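Colleague: Single-letter residue listing:
There are 2 protein chains.
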Amino acid sequence: MTFNGAKPRRNQNGSVGVVKRQTAHFTKPLRLRCGRTLERYTLAYETYGTLNEGGSNVILICHALTGDSHVAGYYTDDPAEKPGWWDEAVGPGKMFDTSRFFVICSNVIGGCQGSTGPSSTAPDGRPYGLRFPAVTVQDMVRAQRHLLDHLGIDALFAVAGGSLGGMQALQWAVEYPEMVGHCLFLASTPRSSAQNVAFNEIGRQAIYADPRWNDGDYYDADPPQGGLAVARMVGHITYMSEHSLEQKFGRRLQNHDALPYQFVDPEYAVESYLKYQGEKFIKRFDANSYLYITKACDYFDIGEGAPTLADALRVAKARFLVVSFSSDWLYTPEQALDLVTALEAIGLDVRYHLIHADFGHDSFLVEVDLMTNVVGGYLNQMWTKTTSNYPVE
Amino acid sequence: MTFNGAKPRRNQNGSVGVVKRQTAHFTKPLRLRCGRTLERYTLAYETYGTLNEGGSNVILICHALTGDSHVAGYYTDDPAEKPGWWDEAVGPGKMFDTSRFFVICSNVIGGCQGSTGPSSTAPDGRPYGLRFPAVTVQDMVRAQRHLLDHLGIDALFAVAGGSLGGMQALQWAVEYPEMVGHCLFLASTPRSSAQNVAFNEIGRQAIYADPRWNDGDYYDADPPQGGLAVARMVGHITYMSEHSLEQKFGRRLQNHDALPYQFVDPEYAVESYLKYQGEKFIKRFDANSYLYITKACDYFDIGEGAPTLADALRVAKARFLVVSFSSDWLYTPEQALDLVTALEAIGLDVRYHLIHADFGHDSFLVEVDLMTNVVGGYLNQMWTKTTSNYPVE
Chain A
2 MTFNGAKPRR NQNGSVGVVK RQTAHFTKPL RLRCGRTLER YTLAYETYGT
52 LNEGGSNVIL ICHALTGDSH VAGYYTDDPA EKPGWWDEAV GPGKMFDTSR
102 FFVICSNVIG GCQGSTGPSS TAPDGRPYGL RFPAVTVQDM VRAQRHLLDH
152 LGIDALFAVA GGSLGGMQAL QWAVEYPEMV GHCLFLASTP RSSAQNVAFN
202 EIGRQAIYAD PRWNDGDYYD ADPPQGGLAV ARMVGHITYM SEHSLEQKFG
252 RRLQNHDALP YQFVDPEYAV ESYLKYQGEK FIKRFDANSY LYITKACDYF
302 DIGEGAPTLA DALRVAKARF LVVSFSSDWL YTPEQALDLV TALEAIGLDV
352 RYHLIHADFG HDSFLVEVDL MTNVVGGYLN QMWTKTTSNY PVE
Chain B
2 MTFNGAKPRR NQNGSVGVVK RQTAHFTKPL RLRCGRTLER YTLAYETYGT
52 LNEGGSNVIL ICHALTGDSH VAGYYTDDPA EKPGWWDEAV GPGKMFDTSR
102 FFVICSNVIG GCQGSTGPSS TAPDGRPYGL RFPAVTVQDM VRAQRHLLDH
152 LGIDALFAVA GGSLGGMQAL QWAVEYPEMV GHCLFLASTP RSSAQNVAFN
202 EIGRQAIYAD PRWNDGDYYD ADPPQGGLAV ARMVGHITYM SEHSLEQKFG
252 RRLQNHDALP YQFVDPEYAV ESYLKYQGEK FIKRFDANSY LYITKACDYF
302 DIGEGAPTLA DALRVAKARF LVVSFSSDWL YTPEQALDLV TALEAIGLDV
352 RYHLIHADFG HDSFLVEVDL MTNVVGGYLN QMWTKTTSNY PVE
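In order, the protein sequences belong to chains A and B.
Residues 2 to 394 in this note's numbering are what the first sequence lists, from first letter to last.
Residues 2 to 394 in this note's numbering are what the second sequence lists, from first letter to last.
Treat the hints as calculated values from the structure; they're not laboratory data.
A portion of the hints provided could be inaccurate.
In this list, chains with the same sequence are indistinguishable; a pair is considered to hold if it fits within one copy or across any two.
[Claimed, not checked] Below, computed lysine to aspartate or glutamate pairings styled on DMTMM-like, alpha-carbon distance capped at 20 Å: (1) K281 with E82; (2) K249 with E335; (3) K276 with D216; (4) K249 with E305; (5) K276 with E305.
Here the structure is a predicted model, which is why all the values come from computation and not from measurement.
Next up, chain A with everything else stripped away, as it sits in the complex:
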């Protein structure tokens, strides 16, 4: 799989091989921040590697907006099958080294890849649609906590995520401080900015504007694919940098030697690329889930209600690795530094890496080698220190 038009350099290390999506069904109610309760719900998840005897080698990976539980490996032996979305990062000898760690990822609550969300069947036998309750990052994390309980896991060596996944990782460190050893916060923000909200809202408006959306009640008819494709294009452009778009496409025409002067069909390669991204996305994603999960991003402000961001973080006990990318204009280095500064102010252990990378927000997925050095190196060091008897520091 290529992101952002850049081909990730293939990691020479091993693959997790053929994996299976699992599901856990919960009848323990999930009380949501919006005040409503999900009486029963399902989480889809995958695991890679082996849980050690003491249960001390667990890494929870939290996925981004349109991700899912299928982080790595393959579902079949079909050589044409694409691996999970972060296959380059999860496997024996990789960034998240499955010869050492037991890695878990679950599809977020509100999603559409096996976990309960607006496209799921409600107790009345019909799809929820907009009757599904609003979900927040806190709710996603609480659901994940139920999953860990279900799996008999009571501690996380690390929780890690990029983008929305980073928000979840941070929420974990605050919500369940006793459980989290290390928080790996990648290409993310402690607080969605007005511009973050604005871009998400434009995507939602594109879905609302599609008559097929029908107030979210479209599961027995044509889904609002036109609107969802536009929403994806809006999102996608925020994942790339001006530089990467220019390098990859510039003003190159698509299948034409001279401008055809036409509408609808692409003229420039960059238009064709956007169209392709939209078309690819609507095959795999539910429009209502897109609404719910972008809202969860927008609602995220870890400091909400506290006098300062530092006050909100004071409860945390994890060590932090914060990584941002120089060309990421969606979740900027400045936003990540707000977190770093607040963590430092309360004396928590935090390492910050600003990675010089050209691929914008998507750099966290594209820059595999750099990320392997930074994140894999951090995990390696921390694991060694933890398992040897030397105190860390």
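Model the placement of chain B on the given structure of chain A, informed by the hints.
Modeller: Below, chain B alone, put in the same frame as chain A:
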């Protein structure tokens, strides 16, 4: 009128008062760059100030994407009427001082504010719709040239414009070098980048996705207002800066003390603002014109076909004032500097001002006082030097 949420400081100088939109009808064919020809067309225009005897005091203002010929003044005596879109800049004693200059602005060909465009009636008596030929910045400029011929004007003291208007100003300097004394290139680019094209294409895709667009044939039915509103929101966010959005809206809720957790209706103030911008825009703009004019922006590359940008500019004889804004991420200072560097390389007279301003691309409209100093000061100096007998320099 306020832009960008910032209230322009009211200029203490005079207003052009009540003005009238005029129209000129042309039967001289306009051969377009796409290879097609408009046999007859109309341009709407306005003028402010008085043409002097020698015809040496003409300034042509070129409008931006969604602008029109109504730059300044009022159409009625109604005190509630909003003035033209750059009223702060055009009038006695203002940036474009109408006590000295004769200012002209015409609605671009392809537009929907009085000039012939896709919503106009074709020779067969029906609206053109997508049958209207593609237009480029060069075509806009050539049509303006016909208008000047019609008005008996054979020289421009200056041609000025921001954004798409700047592209037109630059095209003027290259297309009719003998006619242009000064080219004022504001918040613009000599070449639309891949990212510029991408944002415009997303807006177009939002329009295409609206079933009411109906391949551009909607003039006897409901227009594609949903799609056009989304297109406007996409555009609008590129006109503002992250900083200005944060300053104005932050995470403030709209009419709520606590998050209502709802869809469609705005929760955050920034969402309400975007919605308002969309709703306001669809009342005044035609969706097909939006398609045509964004395409004209995308097609713009003044260096196209020449070995280098400098080579393409070598024919120009004007003096240049290039102004860009530190927070403009649509047409960046770097893009403007490409023009400056090329002009310097061929020994043309160019002054460059990078204005430190927080309002993003819209700064050229919002930062009236700074712009009056820079642009008004430049015009004042150049006019004084031209009309005194001292050579300029």
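Colleague: All hints are to be evaluated individually against the structure, with a verdict given for each.
Modeller: We went through each hint and held it up to the structure:
no., hint, result
1, K281 with E82, "within (15 Å within a copy, 48 Å between copies)"
2, K249 with E335, "between (26 Å within a copy, 19 Å between copies)"
3, K276 with D216, "between (25 Å within a copy, 17 Å between copies)"
4, K249 with E305, "between (40 Å within a copy, 18 Å between copies)"
5, K276 with E305, "neither (37 Å within a copy, 25 Å between copies)"
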